[in-house]
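If you read the sequences in order, they're chains U and V.
Position 60, counted from 1, in the first sequence is what our numbering calls 60; the numbers after and before it change by one each time, with no gaps.
Position 166, counted from 1, in the second sequence is what our numbering calls 1166; the numbers after and before it change by one each time, with no gaps.
Just to be clear, a hint being listed does not mean it is correct.
Stated by the list, open to error - With a straight-line cut-off of 30 Å between C-alpha atoms, the simulated BS3-like cross-links for lysine-lysine are:
#1 K216(U) with K194(U)
#2 K16(U) with K1138(V)
#3 K1214(V) with K1178(V)
#4 K1214(V) with K329(U)
#5 K324(U) with K1029(V)
To be verified - Residues of chain U placed beyond 10 Å of chain V at every Cβ, according to the derived structure:
#6 H5
#7 L9
#8 Q17
#9 P96
#10 Y114
#11 N161
#12 M199
#13 Y219
#14 Y245
#15 G322
#16 G348
#17 V409
No lab work stands behind these hints: they were computed from the structure.
Note that the Cβ used here is the ideal one computed from N, Cα and C, for glycine as well.
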Amino acid sequence: MKGWHLFRLFTREMKKQRKRIWLTVTAIAWGTLSIILLLSFGEGLRRQLAIANKGLGVNIVILYGGQTGKVYQGLPRGREIRFSEEDVNLLKEKIPFISGISGEYDLWGVSMTYQKKTLTERITGVLPPFEYMRTHFPQPGGRFINELDIELRRRVIFLGNDLKERLFGDEDAIGKVVMVNNIPFTVVGVMQKKLQMSMYGGPDAGKGSIPASTFKTLYGRKYLNRIVYQVQETGLAPFVEQQVYQVLGRKYRFDSEDEKALGIWDTIEMTQVMGKMLIGIQIFLGVIGALTLLIASVGVANIMYVSVRERTREIGVKRALGAKRSHVKQQFILEALFIAISGGLIGGFIALLIIQALQGIPVGEGPLQFLGKPTFSFPIALSTALILGVVGLLAGYFPARRAASLDPVESLRYE
Amino acid sequence: MIEMQNINRVYDTGRVKVHALRDVNLHIKEGELIAIMGPSGSGKSTLMNVIGCLDTPTSGRYSLDGKAVNDLDDNDLADIRNRKIGFVFQSFNLLSYASAFENVELPLIFMGMSTAKRKQRVTEMLARVGLADRMDHKPNELSGGQQQRVAIARALANHPRIILADEPTGNLDSASGKEILQLFLDLWKAGNTIIMITHDPSISENCERIIHLKDGMIENGAV
Ligand SMILES: Nc1ncnc2c1ncn2[C@@H]1O[C@H](COP(=O)(O)OP(=O)(O)OP(=O)(O)O)[C@@H](O)[C@H]1O
Ligand SMILES: [Mg+2]
């Protein structure tokens, strides 16, 4: 009951100094807003990049031919290593941890015609595992290249969604015939839109894929441009890499320690590095946000100290009228708590509104794809709440302790 | 009611020690009206603060209502100030942002009185000092004499046994001063114990007993 009366007294006195209270609440709200926005942008960035990373494929490694860098079994250095389709089968047979593999042929400057429209585009010749390895998933109603296409060397083509857009516009493409360097191909599928960050040769959305067997026959290629394989588990990549060197080294007679003989692009390693970088960015943003909030809290603590000094005489009067040290202390702690909580709530609320609004904006292409999706998450809420708690304590406890420690007679003498 | 034996109060300011009270012996009975007089710096306010449990003596024994004050902790002293003592200051010491009503209400809040009872008590006290029609006025909307009357109502609110007033008329013109003195005399007649510091002989001549202080010692009026 007594606590309630004191609380009423507290609220009454808060009302008398509305201006000061709102200023400090604004400082805390601002700090909270910054920390939540910074962390949420970081989180959005992280999620978008994680999705974009999958755009190239999950757990994939890209293998190029190289030039030997060491003499080996009487053979000179500088020999070119090139792969053929047999190597794809060889690797698949010898290395069980490879969960998917495909060779890839490239052809640039292909003329592609549909009705009256002719474009100059790029096509690749691939195997069916490309679908899941390199995320070439078809839109509903279509399909990717399958085993039968390979076997029968069918003239079928799977279009990237941008390419389809350029060639067909809004028209349905599936089942239509396009002329590729004057040879008719039937469209069997169109790729689903995806966010792709890393790429070679250009975005997947802008090219056409045809069966590797068809490609080889039509364009008379002997060598693949590259081999793409997927490992079963992230951690296996270095081991599989070693095996690849051994298997191919035996066949083409190069030292399995000779790194230059093959070119390897390990996207897994890249993903891991990027993951660490992202955590770094998150921490960086979090620290900036936390510092902003801490500075705000130091400001609040400072204002509270001034307020304790300004109200020294008032504190003395209250003590003379029978207020205990704890009453005086409670008042200042309550005040700081009120400031921290209401500032936190207001800042958090505004931050959520901003995040909501930003998520509604279509982001389109370019850098906004990554930045335009701030995401509020539970860990963010938790860390913000924790920091706010520290802030409240900092801003309230020390001034309150000072107020309570004042000697009543001294306080009454204070001018 | 007030028993003081060999009370000393020494302020230790670091370089010098100020002996504000020296071996003070004092007895005050319930219902007395006492004036404390003496030159500036003689220790009047210090003595009053010790009596009011706002300050504690450096040495000596002090008992209030038969209870030894020396042994009490900070919270107990706050309770005594709340329930047994009413302070009136020269400079009123009202909270500037609070109305007359809210100022008088303060000690009742610290006591833990319920809202309804508080309202009744505050109204009663303000009526007693003749300010029933000024309850919602802020201190700066009141004259000096009226402000001091609010302060007296505040001092009376908890029905204390003793009223301590440190130069209550020091900041007032003589007419308002007379009104305040009359108020104290009425309170005394109603049975309150009143101890007043004053420099004004026209006030002290109304008192039964005058305590003269000099250099922290009581010259006369100790018993
Ligand atoms: N907090 C303090 N620190 C140091 N010395 C003090 C303190 N308070 C009072 N004194 C000293 O103690 C002595 C008595 O002071 P006190 O205030 O009791 O005098 P007073 O009789 O009330 O004077 P006045 O009539 O001017 O109010 C003075 O010499 C004063 O300087
Ligand atoms: Mg004095």
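Numbers of the earlier hints that this structure fails to satisfy, in rising order: 4, 6, 7, 8, 15 and 17
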